[in-house]
Amino acid sequence: MTILVEWEDLVYHYPGGVVALDGASLQLAAGQRMVLLGRNGSGKSTLLRHANGLLRPQRGRVRVAGQPLDYARAGLNVVRRQVGLVFQNPDDQLFSASVAQDISFGPMNLGLDLDEVRARVAEAAQMCDVGDLLERPTHALSMGQKARVALAGVLAMRPLALLADEVLAGLDPWAYEQVVAIFDRLVAQGGAVLLATHDLRLAERWADVVAVMEQGRVRV
Amino acid sequence: MQVIDRYAYANAIRQVDPAQKGGLALVALLLCLLLDHPLVSGLSIGWMLGLAVGWARLPGRVVVQALVAQALFLLASTLSVALSLSWGGVAPRGWAVQIGSLWLSSSPAALQHALVLVARALGSAAALNFLILTTPLVDLIDLLRRLRTPEVLIDLMTLTYRAIFVLLESLERMRVAQEARLGYCNPHRAMQSSALLISQLFIESYRRSQRLQESLESRGFQGTLRVLPNTYRHDVWAWRLGAVMVASLVLARLTR
Ligand SMILES: Nc1ncnc2c1ncn2[C@@H]1O[C@H](COP(=O)(O)OP(=O)(O)OP(=O)(O)O)[C@@H](O)[C@H]1O
Ligand SMILES: [Mg+2]
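Line by line, the protein sequences give chains E and G.
Each residue of the first sequence is one higher than the one before, counting from 0 in numbering that gives the first Met the number 0.
Each residue of the second sequence is one higher than the one before, counting from 0 in numbering that gives the first Met the number 0.
These are computed hints drawn from the structure, not numbers from a lab.
Backbone N, C-alpha and C define an ideal beta-carbon position, used for all residues, glycine too.
It cannot be assumed that every hint is accurate.
[To be verified] Now the in silico label distances, taken between C-beta atoms and shown as ranges:
| no. | chain 1 | residue 1 | chain 2 | residue 2 | range |
| --- | --- | --- | --- | --- | --- |
| 1 | G | Ser204 | E | Tyr13 | 18 to 26 Å |
| 2 | G | Leu25 | E | His12 | 49 to 57 Å |
| 3 | G | Glu168 | E | Val10 | 33 to 41 Å |
| 4 | G | Ile202 | E | Arg58 | 42 to 50 Å |
Only chain G is shown next, with the shape it has when bound in the complex (with noise of 0.2 Å):
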C-alpha cells in the first residue's frame, strides 16, 4: 500500500486529469470484458504497461512485478477450473495421470477455458494497476465528486483514507512500546499483549473521531468536508492514443 502510494504521488502523469487517466483505464478494461478473448487481453496488458511506463515514466520493474503477482495468485485460483480429480477405474478423456485411486486429469477444453479466464483477469488487473499506481486516491476522490457522488460516500472515503495511515501509525507505536517492555517474549505474553492492542486500538479511534470532530467545527464545518478543487492538465494526444488503443483491440477481435 505505501509503494502504491509513493509511485502514486510521484509519477508524471501526476498532475493530468484522473477523469483522463480513469477513462483509458476503463475503456481497457470494460473492452477486455465484452470483447473477450485471450489476445484483446493480451494487447491490453500491452497498451497498459506501454502507457504506465512510456507515458507515466513508472519503473517497467514495479510494473511488471505487481502483474506478475497477480498472475501468480490467478494461476493458482485457475487451477482447479485446468485439471479435475476423479475416482474410479475408468481413466477420463483428455489427458491423465493416475495416482493411487484417483484420477488427476485435464482436456485441451478446460485448458482453454482457463486461459480464457486467466487473460480475462489479468487484462482487468493491468489496466486497474495502471489506474492505481498513476492517481492518488485524492484524485479519484476528487473525479468521484465531480461525478456527483453523494457527499456522504466521498467524506467518509477521506476520512477513512487518513485514519488508516493514523492507526497504522499509532498501531505500530504501541507494538513497540510494548516489544520495548518485553511485551512479546514468549507466545502467551504476545497473546495477552495483542489483545492488549486491539482493545486500545479500538479507544484510540473512537478518541481520535471525537478531536478531529472538535478540530473540524473550530475551522468551521457545515456538514460536509468541502475543500478546494485540484487543478489538473489535459494531455491532448492521450486522447488520440486511446482512440488508437480501441481501435486496435476491436481489430484484434474481429481478425480472431
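So that you can see chain E by itself, here it is in the shape it has in the complex (with noise of 0.2 Å):
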C-alpha cells in the first residue's frame, strides 16, 4: 500500500500564536477513504493546508507520495498536481465569473494543449454534473453549484489524493449522492479521497478510515 500523503508530528503556530497544530501525524494511502472529524478550530483545515505546501510547518514533515515536500517553486508545482485541495467556501476559489474559464484554470497551468484542457473542462464539469452551467456566469450560481463548480476545477487536474474541506455540506440529497459517488470513483482508480467534514453519518456509511482531530492532535 502507498502512502500518497504524510503528516509527521506537525506543529503550526499562526501569526499571533495560535496553535493550530501541536504534534499532528496521519498516513493517506492510495485507495483509501478518509474522514476527518473534529470540533470548530480543532485544526482540520490547517492541517489540510499543508499537503501542499500552503502553510510550512514549524516542526515534522510532510511527504507526498514518499517524498519530503520541497518548498521550492519547482518542487510546490510537482506536489500541487499530485494533491487536489477544495476549499470550505466556493466562493474563495472561484476566481473568474465565467464557469468554464474557471473549471480550465487548473489544466492550463498544467501546461496541457488547448484541447487537452477543453476535453479535461467537459469531463469534470460533466462528472459534476455542471456540464449545463458551464455558460452561465458564476455569480449567478447557487451555493451548491458552486461548491460542485469548485470540485471541477481541482478534479480537471485529475489529482492522485483529494483533499476536501467540508465539500459536502449545502449539497442538496442528490448531488451529495453524485459527488460521493465520484469520490468512490476517483478510489477505484487508485486515488485517495480525505473529507474534512461534521457529517457523521458519512463516517459510519462510507470511510475505511475514520481520523478525529483535537486540539491540534490527530486520533485514528
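The task is to assemble the complex, starting from two chains supplied on their own in separate frames and drawing on the hints.
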C-alpha cells in the first residue's frame, strides 16, 4: 500500500500565537476513503493546507508520494498536481465570472495544449454534473452549484489525492450522492480521498478510516 | 448592473465574437464623434436600436428605457448650455424671461449647440449600450486579451469583476444580520451599524484576497490567470450590415 500523503508530527502556530497543530500525524494511503472529524477550530483546515505546501510547519515534515515536501517553486508545482485541495467556501476558489474558464485554470497551469484542456473541462464538468452551467456566470449560481464547480476545477487537474474541506455541506441529497460517487470513482482508480467534515453519517457509512482531530492532534 | 448582466448573458448573439460586436459598436461611436452631426447621431441610434432588437433579440422596451434614462440625464446636464442667466436692466438677445432682476434667456444658436451636444453623446451612448447589453464582461476581457492588453490589467479586471459580486453578497448578508438585531432601529444606531459594516467589509475583502491566493496557488498558479479562450461564432452578414451602416452614416453627413 503506497502512502500518498503523510503528515509527520506537525506543529504549526498561526502568526498571533494560536497553536493550530500540536504534533499532528496522519497517513493517507492510495485507495483509502478517509474522513477527518473534529470540533470547530480543532485544526482540520490547517492540516489540509499543509498537504500541498500552502503552509509550512514549524516542526515536523510532510511527505507526498514518499518524497519530503520541497518548498521551492518547482517542488510545489509537482506536489500541487498530485494533491488536489478543495476549499471550505467555493467563493474563495472561484475567481472567474465564467464557469468554463474557472474550471480550465488548473489544466492550463499544467501546461497542457488547448484541446486537452477543453477535453478535461468537459470531462470534469460532466462528472460534477455542471455541464449545463458552463456558459452561466459564476455569480448567478447557487451555493451547491458553486461547490460542484469548485470541485470540478480541482478534478480537472486529475490529482492522485483529493483533500476536500466540507464540500458536502449545502448539497441537496441528490448532488450529495453524486459527489460521493465521484469520490468513490477516484478511489477505485487508485487515488485517495480525505474529507474534513462534520457529517457523522458519512464517517459511519462511507469511510474506510475515520480520523478525529482534537486540539491540534489527530487520533485515528 | 444585475440587469445589464442578465441581458448580456441571455441574448441571441451571446456566442458571436466580441470582436464583431465591439467592432460595430466602435465604428458607430467613432462616426458619431467624427462626423458630429445630429442627423448622423440620430441615424446611428436607429441602427444600434435596430441591431439590439433585430439581431440580438433584446426586448425593445429595455433598450429604449436605457436610452431614455441617459437622454434625461444628458438633457439635464446640457440645460446650462441652452439657457443662460444674467443680471441687469437690459434684455439679452434671443428669447428671454424676466424673473425679478434676473434674466433667463436662450437663443436659436444656444439651442442648436445644445442639440448637437445631446445628439453626439446620445449616439455614443446607444453604441455602448448595444455592446454592454449583448456582451458579458468575461467576453470583453477575452477580447482585450486577444488585443494583447498587458496581463496585469486583464487579471485585475477578472478579479475585480468577480469580487464585486462576492462583496455585494457579503454586504447584503451582514446588513440583514444587523437589521435582524435591530441595528437600524434609529438614526444613531443606523450610523453606528453602517460604520461597523464598512470596516467589516474591509477586513472581509482582505481575508478573501488571502484565501483566494491560497486556492489559486493550490491549482498551480504561475503568476498569471491563464484560462481557456472562448470559442465564438461569426455572422458574415453582420459585417455586410456594418458596411451598409457606415455607408448610410457617411451619406447622411454628405447630404447635409
Ligand atoms: N488565518 C488564521 N490566522 C490566525 N488563526 C487562525 C487562522 N486560521 C485558523 N486559525 C486558528 O487556528 C485554529 C484551527 O483552525 P482551523 O481552521 O484549522 O480549524 P477547523 O478544524 O478547520 O475548524 P472548522 O470546523 O470551523 O472549519 C483555530 O483556533 C483558528 O482560530
Ligand atoms: Mg475548517
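request  = Mind checking the hinted window 18 to 26 Å against the Cβ distance between G/Ser204 and E/Tyr13?
outcome  = 20 Å, holds
ask   = Does 42 to 50 Å hold as the CB distance between G/Ile202 and E/Arg58, or does it fail?
value = 30 Å, violated
query = Could one say that the CB atoms of G/Leu25 and E/His12 fall in the range 49 to 57 Å?
reply = 56 Å Cβ-Cβ, so the 49 to 57 Å window holds.
query = Taking 33 to 41 Å as the hint, is the beta-carbon distance of G/Glu168 and E/Val10 inside that range?
reply = Holds - the Cβ-Cβ distance for G/Glu168 and E/Val10, about 36 Å, lies within 33 to 41 Å.
Taken one by one, the earlier hints fail for this structure only at number 4.
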